[in-house]
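Chains as they are written, first to last, in this note's numbering: chain Y, 1 to 126; chain L, 1 to 212.
Heads up, some of the hints might be wrong.
[Claimed, not checked] What follows is a list of derived Cβ distance ranges for each label pair:
1) L:Ser68 x Y:Ala41: 29 to 39 Å
2) L:Glu11 x Y:Glu107: 30 to 40 Å
3) Y:Ile110 x L:Glu50: 36 to 46 Å
Hints were generated in silico from the structure; no laboratory data involved. Predicted, not measured: the structure shown is a model, and the values here were computed from it. No residue lacks a Cβ here, since even glycine has one placed at the ideal position from N, Cα and C.
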Amino acid sequence: MKILLVDDEVDFVETLAERLSMRGIETDWAVKAEEAINKAAKSDYDLAILDIKMPKIGGIDLKNRLQEHYPDMKFIFLTGHGSEESFRAGTHEAGAGNYLLKPIQIEELIDKIRAALTSEGGSKDE
Amino acid sequence: MSDDTGRASLEFFSAVTATISHDIKNRLAVINEQAGLLEDYLYLCENGREMDVERLKRVAKTVKQNVSRADGIVKTMNLFAHSADNPAKQIDLYETLNLVALLSKRAADLREVSLVVDTQSESAQITTSLFHLLNLIWICLDTTIKKTAPGGSIALSLGKREEKLAILIKVTGPVGDEPPGSLPAAADAIADELGMSADTSAGDGTIVINCR
Chain Y
1 MKILLVDDEV DFVETLAERL SMRGIETDWA VKAEEAINKA AKSDYDLAIL
51 DIKMPKIGGI DLKNRLQEHY PDMKFIFLTG HGSEESFRAG THEAGAGNYL
101 LKPIQIEELI DKIRAALTSE GGSKDE
Chain L
1 MSDDTGRASL EFFSAVTATI SHDIKNRLAV INEQAGLLED YLYLCENGRE
51 MDVERLKRVA KTVKQNVSRA DGIVKTMNLF AHSADNPAKQ IDLYETLNLV
101 ALLSKRAADL REVSLVVDTQ SESAQITTSL FHLLNLIWIC LDTTIKKTAP
151 GGSIALSLGK REEKLAILIK VTGPVGDEPP GSLPAAADAI ADELGMSADT
201 SAGDGTIVIN CR
């Protein structure tokens, strides 16, 4: 299992990637969408974890771009929205159904990663 | 207060508080990961692995930096909250510009636009409703941010227009594809309420708020 973690908060993304790697999940990270696209072209990722709000290209747009080239890649979104209600109202329809609110619990994230990778494609858009 | 001004006030309040809660959640998320990493390291140490002292120093530094940033966000929130304390009071326009720049920073960051409050601006005091003036400047700045190309810069300064004290919002870097247009109707409604005017009559897209 190899995943790509993308968030514009370097201290967050670097540390979370380190923690996932400690748990045996090979994790690369990027702080910009363009950097993520370049990394995806050079590596074979099973899943990408994307922050919704990033400069220039946000998580939803990035997902759409990655999905064009890597249709089997699964996605989980991270968001700093204050509540699930506000997040759902703004983004659920855009295809960000599989998400976690920050701050996250790593066990919950790992459960989501495993569920996304074992489900029959449901988490591509879910 | 007119319906337009009332609606604009609510939109302003909700946009600012949503942004602030988002910013605080991001700081908490960073601190939470540092705490989690410490737990992970402690677990490894308890199981015989040597402690990486340099990494731990970096964790402590990151926590301190993010606590400091969160403190700054809360201070800004507090200034914003107290802006509605009095219907009218004497305010410092330079401090007001700095506060609006802080309230708009996230929107500007997401568009990769930088905001610069002109430090050459002389301080000036006027008596008005701070909350509504913040709202007016915020709408004008938001309009400008949306029309500025990524990598661009926006200067907020104080000046004079026809002998009147004025707030100037000017793009100093690359301009976006969208031409400078008229301001949202809410800006006119709030300016009327404050006895001011706001327009883009400078010709180069600079928004001018004539204070008195």
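Comparing the hints with the structure gives:
no.	hint	result
1	L:Ser68 x Y:Ala41: 29 to 39 Å	holds, 38 Å
2	L:Glu11 x Y:Glu107: 30 to 40 Å	holds, 39 Å
3	Y:Ile110 x L:Glu50: 36 to 46 Å	violated, 26 Å
Hint 3 from the earlier list is the only one contradicted by this structure; the remaining hints agree with it.
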